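As a plain string of letters, each chain reads:
Number of protein chains: 2
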Amino acid sequence: MESREPLTLTALRGRINQALEAFIEADNHYLTEIGPELVPVAEALKGFLLDSGKRFRPLLAAIGYAGSGAELSPELIRALSSVELIHVCALIHDDVMDASDTRRGAPAIHKQFENLHNQQELSGSASQYGIASAILLGDLALVWASKMLHESGVPAEQIVASLPIFDEMQVELMAGQYLDIHEQALASSNVERSLKVARYKSGKYSIERPLHFGASLSPKNTSALYPIYSAYGLPLGEAFQLRDDLLGVFGDSAETGKPTGDDLREGKRTVLMAMTHERSSLSQRAIIKELFGRPDLDSDQIKELQAIILETGAAAHLEELISHLTQQAITAIDNPVIDITAQELLHQMAIIATKRSA
Amino acid sequence: MESREPLTLTALRGRINQALEAFIEADNHYLTEIGPELVPVAEALKGFLLDSGKRFRPLLAAIGYAGSGAELSPELIRALSSVELIHVCALIHDDVMDASDTRRGAPAIHKQFENLHNQQELSGSASQYGIASAILLGDLALVWASKMLHESGVPAEQIVASLPIFDEMQVELMAGQYLDIHEQALASSNVERSLKVARYKSGKYSIERPLHFGASLSPKNTSALYPIYSAYGLPLGEAFQLRDDLLGVFGDSAETGKPTGDDLREGKRTVLMAMTHERSSLSQRAIIKELFGRPDLDSDQIKELQAIILETGAAAHLEELISHLTQQAITAIDNPVIDITAQELLHQMAIIATKRSA
Numbered sequence: 530m531e532s533r534e535p536l537t538l539t540a541l542r543g544r545i546n547q548a549l550e551a552f553i554e555a556d557n558h559y560l561t562e563i564g565p566e567l568v569p570v571a572e573a574l575k576g577f578l579l580d581s582g583k584r585f586r587p588l589l590a591a592i593g594y595a596g597s598g599a600e601l602s603p604e605l606i607r608a609l610s611s612v613e614l615i616h617v618c619a620l621i622h623d624d625v626m627d628a629s630d631t632r633r634g635a636p637a638i639h640k641q642f643e644n645l646h647n648q649q650e651l652s653g654s655a656s657q658y659g660i661a662s663a664i665l666l667g668d669l670a671l672v673w674a675s676k677m678l679h680e681s682g683v684p685a686e687q688i689v690a691s692l693p694i695f696d697e698m699q700v701e702l703m704a705g706q707y708l709d710i711h712e713q714a715l716a717s718s719n720v721e722r723s724l725k726v727a728r729y730k731s732g733k734y735s736i737e738r739p740l741h742f743g744a745s746l747s748p749k750n751t752s753a754l755y756p757i758y759s760a761y762g763l764p765l766g767e768a769f770q771l772r773d774d775l776l777g778v779f780g781d782s783a784e785t786g787k788p789t790g791d792d793l794r795e796g797k798r799t800v801l802m803a804m805t806h807e808r809s810s811l812s813q814r815a816i817i818k819e820l821f822g823r824p825d826l827d828s829d830q831i832k833e834l835q836a837i838i839l840e841t842g843a844a845a846h847l848e849e850l851i852s853h854l855t856q857q858a859i860t861a862i863d864n865p866v867i868d869i870t871a872q873e874l875l876h877q878m879a880i881i882a883t884k885r886s887a
Numbered sequence: 530m531e532s533r534e535p536l537t538l539t540a541l542r543g544r545i546n547q548a549l550e551a552f553i554e555a556d557n558h559y560l561t562e563i564g565p566e567l568v569p570v571a572e573a574l575k576g577f578l579l580d581s582g583k584r585f586r587p588l589l590a591a592i593g594y595a596g597s598g599a600e601l602s603p604e605l606i607r608a609l610s611s612v613e614l615i616h617v618c619a620l621i622h623d624d625v626m627d628a629s630d631t632r633r634g635a636p637a638i639h640k641q642f643e644n645l646h647n648q649q650e651l652s653g654s655a656s657q658y659g660i661a662s663a664i665l666l667g668d669l670a671l672v673w674a675s676k677m678l679h680e681s682g683v684p685a686e687q688i689v690a691s692l693p694i695f696d697e698m699q700v701e702l703m704a705g706q707y708l709d710i711h712e713q714a715l716a717s718s719n720v721e722r723s724l725k726v727a728r729y730k731s732g733k734y735s736i737e738r739p740l741h742f743g744a745s746l747s748p749k750n751t752s753a754l755y756p757i758y759s760a761y762g763l764p765l766g767e768a769f770q771l772r773d774d775l776l777g778v779f780g781d782s783a784e785t786g787k788p789t790g791d792d793l794r795e796g797k798r799t800v801l802m803a804m805t806h807e808r809s810s811l812s813q814r815a816i817i818k819e820l821f822g823r824p825d826l827d828s829d830q831i832k833e834l835q836a837i838i839l840e841t842g843a844a845a846h847l848e849e850l851i852s853h854l855t856q857q858a859i860t861a862i863d864n865p866v867i868d869i870t871a872q873e874l875l876h877q878m879a880i881i882a883t884k885r886s887a
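Here the protein sequences come in this chain order: X and S. Residues 530 to 887 (my numbering) are what the first sequence spells out, left to right. Residues 530 to 887 (my numbering) are what the second sequence spells out, left to right.
Just so you know, the hints here were simulated from the structure itself, not pulled from any lab data. Keep in mind the model is a prediction, meaning the values are calculated, not measured. Hints may be right or wrong, so weigh each one.
Identical chains blur together in the list; that is why a pair holds if it fits in one copy or across any two.
[As the list claims (entries may be wrong)] Result set (DSBU-like, lysine-lysine): computed pairs, CA atoms no more than 35 angstroms apart in a straight line:
(1) K832 with K575
(2) K575 with K725
(3) K797 with K749
(4) K749 with K818
(5) K749 with K832
(6) K818 with K575
(7) K797 with K583
(8) K749 with K787
(9) K749 with K583
(10) K818 with K797
(11) K832 with K884
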C-alpha cells in the first residue's frame, strides 16, 4: 500500500489554498502583461481570494470526490478548488447588489475601486467606477473558475463528466440570488418563500452541488453517491442558512465580522424574521414595523427587536429545526457506499456548518 | 456528393437564431419551474437575446469552423452559437457599468427591472433592484454560454479542445472592458492606449477569438488556420472599432439606434477623439474642453464639435486607416489553406464590419 497524507480537513484546506494561490499567481501574471492598468485588478482579486480561508465549497467538493474512494491527486485538487472562484464572483457581485461597503471588515471590492478613483483623481463618478470594476472583477472570477477546472490536468473524460453539474451549480446560484433580492423587495414576509431561497442559495449551491461536482470528477462509478449527497446536502444547507439567520441577529461582531444585529438594520427578510412575524402579537408587530430595516438602529433598539424574536419563540424554534435538520443530514451519510474517511469528514463539516459561533 | 444547403451568411444566421431560440426556450422553462418569481428573468433574457439579429460573433465562429472544410452539423451550430450568450452578458453588464438606460431604443435590462419594481410597488430602492437584477441576468447569460457549448452534442474531444480558447476569449473581454472603463476615467486622451482598448475589445474578443473558437471545434487539423485568422481578425477588429468611433459621432440615429453625436455627449474617449485632440489648435482644444462630455449638448454644439473633428483631419485619417486595415485583413485570407467558401464569407464579413452605415 502506498503511503499517503491522512485525509483531514486541515490538510485538505492546505492543499486547496496552495492550488488557488498557484492559479492566481499564474493568471495575474498573464493579466498584468496585457497592461499595467490591470495591476489593481490582479491585486484586488488576489487579496480577495487569499484573505479568506474557510474554503467551505472546495472542501465539500473534495470530500464528495473522496467519498468514491478515489485518490485526490494534485490535478484533482486544482479541479475541485475552482468552485471557490465561483464563490468569489458571487460575493463580489453580492456586495454591489446589496450596496454593502465592507466584507470581512475590509472595504468591499467596489469600494476599493471607488477609493482608487479618488486617490488617483480620475474623472467621472468614483462610485460608478467602483461598481463597474466590481462587476468586471466578479465576471473575471467566474471565467477563471471555468479556466481553473479546464486546465487542471484531470483527464478529459472526467472533466467532461463534471461540466453539467458545474453549470447547474451556477444556474442555481444565480436563480437563488435573484429569488433572494426579489424576496427582500417584497413587502411581506413568508416562511415558505424564505425557505426556498435558503434551499437554492445554501442547500443546493453551497452543499449539495459541490458534493455532486466532486463525485462527478471521480473515475469510479459514483451513481449511488448522488442521492446520498442530496439527502445530506439539502437539510444541512437549510440548517446552515438558518444558523446564518440567527448569527445575523444575535452573532458576536468579533466572530461574524459584522456589527451585531446587522440583519435587523438591513431589514433582511430571513426565515427567522418570517417566523417571528407569524408568531408575533399586534403590539410586537407594531414595534417590528417601526424598527426593522432602519439603518440607524441603536443598541437598545437592536435589543428590543432581539427580545421580540426570543419572546415569540421563533429563535428557539429555529434552534430545534437546525438540530433536527443536522441530525437528518448526519443520518443520511451513515452508509457504507461512502468511503469511511469521507463519512467522518462529512460529519465534521455538518458540525462546522451549523455551530453556534461564526 | 451529398446535397447540402449553400453556405451563405443569411442561411447561417437563420440556423444560429434557431439554435439560440431552442436553447433559451428549454432553459427558460427550467428556470420558471424553480419559481414563478423567475418569469420576468426568463422573459427579459429571451427578449434581449432574440430582439437583436446581427449574430456577428457566432457567424465568425461558424466561418472559422467552415474554413477547415468540415461540415456544419446542427450540434456544431449549437456549440458555435454559445458565443452570442457571452455577448449578452457583456452588453447587459456594460449598460449597468455605463449607467446607460437604453439599448437598441428599448429600456436596458437594469431599467426594465427598475420599472418592474415601480409597477409592482416593491419595497426598497427601485434603481438598486434594477442594478442587482441586471448583474444576475448577465451572470446567468455567461453561465448559459458555457452550458450551451457543453450540452451541444458535439463529441467530447472537440469540446475539450475548444475550452482554452473559449476561456481566453472571456478573459480578454473582461480585461478589455476594464481597460475601457479605466481609459474613460483618465483625464487625458492617448491614441496608443485607445488603440489597445480597441485591440482587446474588438480585435481579439469580437473577431480573432470567435474565428479561433470555430477552428478549435473542428475535427480536422486546423493549426495552419490560427495565424491566418489572427492576421485577418486583429486589423479588422481595429477597423471595426474605428468605424464605431466615427458612427458614434457622425452616425445617423435611425441607423445606430442612438441619438446622433451620442459619444460626444457621453465624452467617450475613443481613438477618434484622441487623434482629434492631438491635431487640434489651442482654440479648438478650448472648445472641446468646454463642450465634450456635456450631457446637455444641443444640435448646434454637436455640429460645432463635429466640425472640429473634420477640420483637424482626424476623421479623414481614420477613414484611411479603416481602408488600410480592412485591405490588410482581406489580403490575409487570400490563402488556399482556408476553404474557398469560407474565404468568400470572410470577405463579406470584412465589408459588413467596416461599412459606413451601422
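Structure-based check of each hint:
1. Within a single copy, K832 and K575 get their C-alpha atoms no closer than 38 angstroms, and across copies no closer than 47 angstroms, so neither meets the 35 angstroms cut-off.
2. In this assembly of identical chains, the alpha carbons of K575 and K725 lie at most 35 angstroms apart whether taken from the same copy (33 angstroms) or from different copies (24 angstroms).
3. Taking the closest pair of Cα atoms, K797 and K749 never come within 35 angstroms of each other, the shortest separation being 43 angstroms inside a single copy and 55 angstroms across copies.
4. In this assembly of identical chains, the alpha carbons of K749 and K818 never lie at most 35 angstroms apart, being 55 angstroms within a copy and 67 angstroms across copies at closest.
5. Taking the shortest Cα distances, K749 and K832 never come within 35 angstroms of each other, neither inside one copy (53 angstroms) nor across copies (70 angstroms).
6. Taking the shortest alpha-carbon separations for K818 and K575, neither the intra-copy value of 42 angstroms nor the inter-copy value of 38 angstroms comes in at or below 35 angstroms.
7. When the C-alpha separation of K797 and K583 is checked against a cutoff of 35 angstroms, the pair qualifies only within one copy, where the shortest distance is 24 angstroms, while the shortest distance between copies is 43 angstroms.
8. With identical chains, the CA atoms of K749 and K787 are never at most 35 angstroms apart, being 43 angstroms at best within one copy and 56 angstroms at best between copies.
9. For the identical chains of this complex, K749 and K583 are intra-copy neighbours only, at 28 angstroms inside a copy versus 45 angstroms across copies, given an alpha-carbon limit of 35 angstroms.
10. Taking the shortest Cα distances, K818 and K797 sit within 35 angstroms of each other inside one copy (13 angstroms), while across copies they are farther apart (46 angstroms).
11. For a Cα distance limit of 35 angstroms, the shortest separation of K832 from K884 inside one copy, 22 angstroms, qualifies, whereas the shortest one across copies, 67 angstroms, does not.
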